[in-house]
Amino acid sequence: MSSRWLSWSQPGRGAVGVAGWRRVVVRVGRQGALAGCAAGLLAVAWARPAVGQRVIDSAQFSVAFFATLLTGEAVIFALSFSASSGWPSLREIDAHIAFREWVAAGWVAAMLTAAGLLADWPVPATFGAMLFLLVNVFGVFSFVRLFGLASSGGRQRLLSRHLGRALAGAPAGQPRSGPAVGGGPVLAAYLAELDQAAARSDGNGVVDLVEQLTAAPVEPGGAAAALALHPQVIHRLAKAALVGALDPVVAASAAETLAGSVLAHADTSRRTTHPAGLSCGQAAAVLGQTSRYLAWLAGTCLVLSVRQVTTASAARELVALAVRTRARILRLVDPDPVYADGPHDLGTPLATPAAALAWVRDFTEFHGSHQAAALYAVYEILTGTKFLGNYWDGASVLTGLRDALYGPTAVDTPAADTTRAAFGTPAEFDRVWTLVSAGALATLRDAHTVHPPELTHPEFTPDRQLLRAYLRTFATHQYLTTAEQAMTALVGVLGHTGRPAGLWQHIQDTPAHTGWAPLPPTTEPHHRPSACVLAIAARLAPLTPDGPDHQLRAFLARLPAPVLDATARLATRTLPDPQPPENDTSPAAGIATRLRILHQPTPAHTP
Amino acid sequence: MTSIDPAHWRPKLHALQHPQTNAALIVQCSLDWLRSPAEELRGDIDQAVLATLLSRDDITIDRLVLHNLPNTDTLPPAELAALNTAHRDWLYRLAATQTLLPPHRQAHIHRLIVERGQRSVNLTDMIELRAGPTWPDTEACTAARHTLRRPGATTPLTGYDVDLDGPFGDADPSVYL
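Line by line, the protein sequences give chains A and B.
In this text, residue positions in the first sequence follow our numbering: the first is 1, and each later residue adds one.
In this text, residue positions in the second sequence follow our numbering: the first is 1001, and each later residue adds one.
The reader is advised that the hints may include incorrect statements.
[Stated by the list, open to error] With beta-carbon atoms standing in for the labels, derived distance ranges: (1) A:P408 <-> B:P1077: 48 to 56 Å; (2) B:P1103 <-> A:P452: 43 to 51 Å; (3) A:D412 <-> B:D1044: 31 to 39 Å.
[Unchecked claim] Selected chain B positions facing chain A (in silico; Cβ < 8 Å): (4) Q1047; (5) V1162; (6) G1166.
For the record, the hints were derived by calculation from the structure and aren't laboratory data.
Glycine included, C-beta positions come from ideal geometry on N, C-alpha and C.
Excised from the complex, chain A in its bound form (with noise of 0.2 Å):
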């Protein structure tokens, strides 16, 4: 399994944290408990030693009990756990029933009492024996303890325990690529057990598991490590599912419950009272890449199944999957969102203009479902107030926008007014938008796939009015009216850093905020020429049947014969077939042509 995404850095020895902490005060104070009986024992045994024979029936009772709880415990263990097994390891429940402090305080309580009725010693004969009744009053608790370890609530509540403990001590650090699985053994046995699980297509069990992160206490500075296991999960049950033999329904139906509690997560940043709540870039980052991760998963799940790689049932499951848990992320997302349940609906946790810009860019990317309604929230975000448009009828939510932030009837809210300084000018809002949009039209699925009936979904579909409408949210953002005006914008987006500390700098950082480095990885818009070159071509493009193309053309016919072929490749792989097919097969024909898909006749129904 690919561990390309979990990045913690090692804690370090000093590195216990506040649970490893209080874990190290439990154990030490029921051994203080222990020993200090212990020590209460020896006084008694020191003013009061008994004789002998009192001494050696006392130890043949203790002695006794101590083998029945021995092979009670023997017995639990045989039955409920293997020895080979990672999660739980011996170790973690032997710290939980305290099994190697029983065994070593029978063992001295032996010693001890063999030695004194050997040597005729009074006081340590009867402070074993004493010491033997002691150990078998902390053998029942041991063995209590043990077995509520036996029952499935009671070892998924220790397991939960355990594991939130190891994120606690695992602090996120920065992103990295490597084949390690950080986090410490914990973590990498209950990555195992999750692979084994997956791997002999243990639904329970996989979800036994899946329920044992989600419930997994989330401590002051865990969170981070907590986020970025979830995704990693979720991605191997998925990789599972598609080649390998879980079932579909436990993988998709484990990996929204891991997604509702990504989202729980990311809704703690509105709570500033919260004592695990995010921050407002990581929770942009965290709801960011997760959108983009499904949009990424539905993409590769058709391709798969157009391969036949992976079984329809598989692909049908992880696409609803994406398009469900994209769909309640916009809504966690949309300040207003439609059928609002009560006022915990409202809101946002994206209150900053970097926040929801990073958050769209990626929910954008890979042709992900939603994206041109997505934009109705951020639009909110942004100014405070509602667009009002239908982009499906042809409204364009950027120019609407632009208009609320820059125009001659600009709104006046505190939100218009943060967002205005973020931007600086009307320039980098042009720029940032046209970056946002490379990636969009960059990832776009293949056009020519044969979109297998059983994986189409409203927003997951071949249909080209879809197409349609998520091309012309960007390519009504037309602020370019000239072939000139085109080249210095492409030379702006391809060769510009954007101001130092500026808002796309911001944006560039948010993914940092996870810790994790992100699967599939981000890639900048400028290591993306031929979608630049697209974006500033589609903002060309004439939106109606009559509309000049010629300033397109002309911006086209500028470009060197590589950059254009790179863009026609583009433009032939997401766009679809000119109708009807076009007799020019000239690199810039095809772009010119394929573009013409902005101005395909509206539907009548208008949803």
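Please build the complex by placing chain B on the supplied structure of chain A, with the hints as guidance.
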């Protein structure tokens, strides 16, 4: 702090657009160009050069930048990593924008090869414009031109390594599985 003075560079950038300017020589080999304070000016220089080349085909622009960083063993690792990242990103952007221009309009970007252990380069950052047939007779300009002529001192930056299509995973997302 940086030794780069925007007040010296900006008038020259403006003069770059003058019709009588027929050649320009720009040297940016200081590490300060890779630090945040100079980022804005560096971007403006790149934009001005590209704007000139987009609008004119009768000007020759030579740029001299670092191929690799000088010996920086005195720098903290984090700062060195930031410098390397900035340098890599800058050269990528220069190469990527080269691909947008036809060959006859492209700037000649020379990467100065710094030898192992060399702690600094013996060139002064500058922008020099030529209006007539000859270059200004300044020590910095002469040294830079001498470096450009010296075989093996530099290596050209081209757009050859720029993947115009973007990552393969864009076309086939399943490669990330």
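Now the hints, each set against the structure:
no.: 1; hint: A:P408 <-> B:P1077: 48 to 56 Å; verdict: 52 Å, holds
no.: 2; hint: B:P1103 <-> A:P452: 43 to 51 Å; verdict: 46 Å, holds
no.: 3; hint: A:D412 <-> B:D1044: 31 to 39 Å; verdict: 32 Å, holds
no.: 4; hint: Q1047; verdict: 6 Å, holds
no.: 5; hint: V1162; verdict: 7 Å, holds
no.: 6; hint: G1166; verdict: 4 Å, holds
When held up to the earlier numbered hints, the structure conflicts with none and fits them all.
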